[in-house]
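Sequences and hints are given; from them, build the entire structure.
Taking the numbering used here, the leading residue of the sequence shown gets -1, the next gets one more, and so forth.
Just so you know, these hints were derived from the structure itself, not from any lab.
Hints are supplied without guarantee of correctness; some may be wrong.
Below are the DSS-like pairs computed for lysine-lysine, each with C-alpha atoms no more than 27 Å apart in a straight line [said to hold, decoys possible]:
no., residue 1, residue 2
1, Lys56, Lys10
2, Lys39, Lys3
3, Lys76, Lys56
4, Lys75, Lys39
5, Lys58, Lys10
6, Lys76, Lys39
7, Lys26, Lys76
8, Lys80, Lys39
9, Lys80, Lys26
Simulated restraints, written as ranges between beta carbons of each label pair [claimed, not checked]:
no., residue 1, residue 2, range
10, Ala54, Gly91, 29 to 39 Å
11, Ile11, Lys65, 35 to 45 Å
12, Gly84, Gln0, 19 to 29 Å
13, Glu38, Thr62, 40 to 50 Å
14, Thr44, Ile11, 14 to 24 Å
15, Arg35, Gly84, 15 to 25 Å
16, Gln0, Arg52, 12 to 22 Å
17, Ala13, Tyr74, 18 to 28 Å
18, Phe89, Lys30, 20 to 30 Å
19, Thr64, Val19, 42 to 52 Å
20, Thr68, Asp47, 38 to 48 Å
21, Thr68, Glu38, 35 to 45 Å
22, Ala82, Lys56, 29 to 39 Å
23, Glu46, Glu9, 20 to 30 Å
Heads up, the beta-carbon is just placed ideally off N, CA and C, and yes, glycines get one too.
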Amino acid sequence: MQILKRPLITEKISAMNEQGVYGFVVEKTASKPEIKRAVEKMYGVTVEDVRTMRYAGKPKTRYTKTKIVTGYSNAYKKAIVKVAEGEIIDFYGEI
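The structure is reproduced here in structure tokens:
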């Protein structure tokens, strides 16, 4: 099972990258120690702190020609990771 699904690249997280703080969308069942080990293994950095947040799916409604379709967007879990001072994670180097 892959713990880290994808990095979060938002304006707010990108501003925090200068302080060594990075965001990831992670598996809903992942714990903080698992997230720490996965980031350290994948990017070769030392992780100091991990904070997690769970987001519920939001209700969505779409109007079509024949009927109204209702449902929910996917629920997900977000992790904010602080790495040791002087270390960086380069998301854009792989592009």
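Subject >> Which numbered hints fail >> reply: none
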